[in-house]
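Trainee: Chain residues, written in single-letter form:
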Amino acid sequence: MTLLDDHDQVKQEEAANPELEKRAKRQESWRGFFHAAPAYVYLTFFFTLPLLIVYVFSFASRGPTGKPFLEDWNLDSWIKLGDPLVMEIALRSLWLALLNTALCLLIGYPFAYWIATRRSERTRTLLLVAVLIPFWSNFLIRTYAWRMLLDSDGIITQIGEWSGLWGQLLFTPTAVFLGLLYGYLPFVVLPLYAAIERLDWTLVEAGRDLYASGSAAFRKITLPLSKPGIVAGSVLVFIPSLGAYVTPDILGGAKTTLLGNYIVTQFTAARNWPFGSALSGAILIIMLAVTILYFRTDARTI
Amino acid sequence: MTLHQGAAARPWVDRILAINGWLIFAFLYLPIGMVVIFSFSASPNVGRWGGFTLDWYERMLGNEQLMNSLRNSVIVALASTVVSTILGTAAAIALDRYRKWVGRGAFDAVVYLPIIIPDVTMAVMLLLWFTSIGMNLGLGSITLSHIAFNISFVAVVVRARLANMDPFMEEAAADLYASRWQAFRRVTLPLIMPGVLGGALLALTLSLDDVVITSFVQGPGSTTLPVYVFGLIKRSVTPEINAVSTLMMVMSVGLVLASLFFQTRADRRQRQ
Amino acid sequence: MKRLVGIIAVLALVTAACGGSDGDAQALADACEAGEVDGDLNLYNWTEYLPTGPEAEDAGVVDFIAEFEDRYPDVNVVYTQYDSNEAMLAQIDAGASYDLVVPSDYMVSIMKGSDLLVKLNHDAIPGMSNLDPTFANPGYDAGNEYSVPYQWGTTGIGFNYDYLDDSEGISWAAIFEPGEDAEYLGRISFLDDTRETLGAALKYLGYSLNTTDQAELDEASALIKDAKADIAAFDSSSYWTLLTNGDTHVAMGWNGDFLAEYDGISTDDFDAYEQYGYAIPTEGAAAWVDTMAIPMTAEHVCTAHAFIDMVLEPFMGGELTNYNYYASPNLAAQEHIYPDILEWEAVYPSEETMTSLEFFEDLGDFEINYSDAFAQAKS
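The listed protein sequences derive, respectively, from chains V, X and S.
Counting in this note's numbering, the first sequence runs from 1 upward without gaps.
Counting in this note's numbering, the second sequence runs from 1001 upward without gaps.
Counting in this note's numbering, the third sequence runs from 2001 upward without gaps.
There's no promise every hint is true.
To be verified - Pair by pair, the computed Cβ-Cβ distance ranges are: (1) V/LEU85 / S/ASP2030: 45 to 53 Å; (2) X/ALA1109 / V/GLY214: 41 to 49 Å; (3) V/PRO18 / X/LEU1257: 51 to 59 Å; (4) S/LEU2205 / V/LEU94: 31 to 39 Å; (5) V/GLY214 / X/TRP1022: 17 to 25 Å; (6) S/GLY2169 / V/GLU88: 33 to 41 Å; (7) S/SER2208 / V/ASP153: 38 to 46 Å; (8) V/GLU88 / X/ALA1109: 30 to 38 Å; (9) X/GLU1064 / S/TYR2161: 54 to 62 Å; (10) S/ALA2031 / V/LEU94: 40 to 48 Å; (11) V/TYR55 / X/LEU1257: 42 to 50 Å; (12) S/ALA2173 / X/ALA1109: 54 to 62 Å; (13) X/PHE1027 / V/THR123: 34 to 42 Å.
Unchecked claim - Taking lysine to aspartate or glutamate pairs in the EDC-like style, the calculated list, with each CA pair at most 16 Å apart, reads: (14) X/LYS1100 / V/GLU88; (15) X/LYS1100 / V/GLU21; (16) S/LYS2225 / V/GLU88; (17) S/LYS2225 / S/GLU2177.
The set of hints was computed from the structure by calculation and includes no laboratory data.
A virtual CB, placed ideally from N, CA and C, is assigned to each residue, including glycine.
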């Protein structure tokens, strides 16, 4: 559906005259290109080309300061990707990302459902804004606030000790997942909310009549229908989690090497830019593959 | 679309959901509350209450380093938001309204990449790029980097809005207005404004919050607030940082509420 | 379209390959005179290493930046900070134009070797004569041609007296193999630094911290990995706070950081030095020198020389130590340093202890092995 060319009149004229139709199509093509051109050029210069440079550098050799020498091209960096150390780090990051995504979905879904099922639109909007407000503060400060809440003088630790339920949580995996959940919750709540809010509730009502229990109606109707939201939410959480390292470092005590900080190390302490480039390049390819696969299966079910 | 009477969950389920909801809100606001409350605490040790004071706000305003980085952050954020909103909106229109044009397929793919690419990778490739083309690192390089990832986010948000829109309004407009630009300005733009504003807001937030990319491509004197806080917060955590945080939150909330207010007013006027 | 992209990519590569360092900075340096300034100063230093702003005020020490700007009213100091040598190196390598940087000893060797540093004009820095003769000809930079010593310090163990006793000296075992009965298990922190942490492990095992023997390196890496189970965190930038607020009771770290913290939390009623201490382990430890240097990317070379000269003044050198509690390589500064600092083993170790200290050296390509060993230990 084009913007302004789709008048019935014009269409009829075009149908009658194939010359006009062709010209209209060319005009449309030109206009589309024109709209996208500025962004296209910008992204080519500040995204596509830099991305290509990464791949080019990954085949270069390493200078004493770590910067690549554009000679002595080799596959060393790519071969190094097969190291058991790299595999270990990758698997750990993968595991963290999967767990985090599952956690976010588990906690985010009932929350999104509750918001989406409030009757007045005003309430729903206000609740959504209320979810977003904490994220307009600086991410680091939020994370450090958690660190303070969880350390030995922190409120949460004190509550835990007083109730006997838990000890010091700081620098444990629990703290890391708490921090990650906190950071990624909106990314899962927003798409879920969008999907649930748009549901055709007549179907749900019908389901309630058909099935004896509400939970069956939920499982068989609401849940499958909200699938696009689940898919979008999980992609929005999974992909960034793969590269996450700041939260695990701050709340987990930097005791694990994850993909994110392993890459940063190559550009700082390890002074091995070509390998860092190879790592970044490889991760991007994998993520792209995952995203494409995910959306393709999703499109099929819809 | 509307929530029918019979489709509501059973009351006890609803109650559990509500309790769950409020618990999650408590979870979300706990650290924020702490940040705000302790910005008024007289004790230099964050975490121990020392009596009410506004000293930290005063100190914050007198801290030249801090104010400089705040100024840098705001400059970069505003500049990158404006540019990326314009480019991103145009891109969204191109993708949603025009089905066939040269390079559309490739563009569609490229536009989504900055969203899925990990921060670290983007930071690295931009640093390598600026080094390769011999560009000086500074506020300019930071702004250019922010625009690069913000275009995509704006485009996605605006495109979602466009997809939900009723195209008949615009067709009617075409009959009314002589030029395409007029039709755009008077009909399309107001209709997609919530999407554009949403995209701009997202871009602003992402730019203000960015640490990884900025720390890689910054240059002398171009430290932004998040990077400065990153350096400072690990060392001496004084409530000065809480004061800055609280201020930034108040500003952001104010911005959003203002835009929401204007938006509902515009919506109401449109409906009339 | 593809062809266009290809051409642009090739152009970019060519530019990159052709991009070389500027010979201008060196020429400027050779012409500088003492006290001459040529524009603003882009200073790039470690966080909290230079007294300035409210922190200087709190500590009762002169504000170096304000002082410099007072002496040279036309000069504005732009102060940017970093928290690791490598982060600074990455920026300089990428062409960022800083006028003065503060690299550690081994980093000076690296930068020197890659022609990233300007050869200093000693005529413009008469204050060099104030330096302690021991620092006149350091191993990493003979004759101080490219750098001037700034502060020096040691890496050791900071601890809570309730949990460790140092009357007979402390061993690195306190953090690497505390034993099952140690009361502070789970309340230990290591530095999050490849060379430092591996170095400490190597010293504990009796090896040199500059070893290029893979077997020794692997042993150190395995030691850290095992010890990891009993630590709270790897931390290089807030470990002293973790110690004083009880999250840890024993921590690996730098002497100045610990001492400045102890001083900071002492009040009229509470003397932190009764509660917390610092010790250089008996097996030996790392000593390091931080220096001031001018990168080849600098624009205002003469101003940089003037700043270096100011820091070398006796009073300024003393204030520097009074602020960050690191030892000064400046002999003339000693009369301006607080007497208790001068007497401190922790800041100025005895001759005997000095012999067990080792300085880091750059290991070239073998650095990658170290970095992988550390990543391995942390995985």
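Trainee: Are the Cα positions of S/LYS2225 and V/GLU88 separated by 16 Å at most?
Mentor: holds (14 Å)
Trainee: Given the hint of 54 to 62 Å, check if S/ALA2173 and X/ALA1109 actually sit that far apart at their C-beta atoms.
Mentor: holds (57 Å)
Trainee: Holds or violated: 41 to 49 Å for the Cβ distance of X/ALA1109 and V/GLY214?
Mentor: holds (43 Å)
Trainee: Take the C-beta atom of V/TYR55 and the C-beta atom of X/LEU1257, compute their distance, and say whether it sits inside 42 to 50 Å.
Mentor: holds (45 Å)
Trainee: Return holds or violated for the Cβ distance of S/LEU2205 and V/LEU94 against the range 31 to 39 Å.
Mentor: holds (34 Å)
Trainee: If I claimed the Cβ atoms of V/GLU88 and X/ALA1109 lie 30 to 38 Å apart, would that claim hold in this structure?
Mentor: holds (32 Å)
Trainee: What's the verdict on S/LYS2225 and S/GLU2177, does the C-alpha distance respect the 16 Å limit or exceed it?
Mentor: holds (11 Å)
Trainee: Hey, X/LYS1100 versus V/GLU21, does the alpha-carbon distance stay inside 16 Å?
Mentor: Given pair X/LYS1100, V/GLU21 holds - Cα atoms ~14 Å apart, limit 16 Å.
Trainee: Looking only at beta-carbon atoms, does the pair X/PHE1027, V/THR123 fall within the given range of 34 to 42 Å?
Mentor: violated (20 Å)
Trainee: With 51 to 59 Å as the target window, see if V/PRO18 and X/LEU1257 comply at their CB atoms.
Mentor: holds (55 Å)
Trainee: State, for the Cβ atoms of V/LEU85 and S/ASP2030, whether the hinted interval 45 to 53 Å holds or is violated.
Mentor: holds (47 Å)
Trainee: Is the straight-line distance between the alpha-carbon of X/LYS1100 and that of V/GLU88 16 Å or less?
Mentor: Violated. X/LYS1100 to V/GLU88 sits at ~45 Å, over the 16 Å cutoff.
Consistency note: the structure conflicts with the earlier hints numbered 9, 10, 13 and 14.
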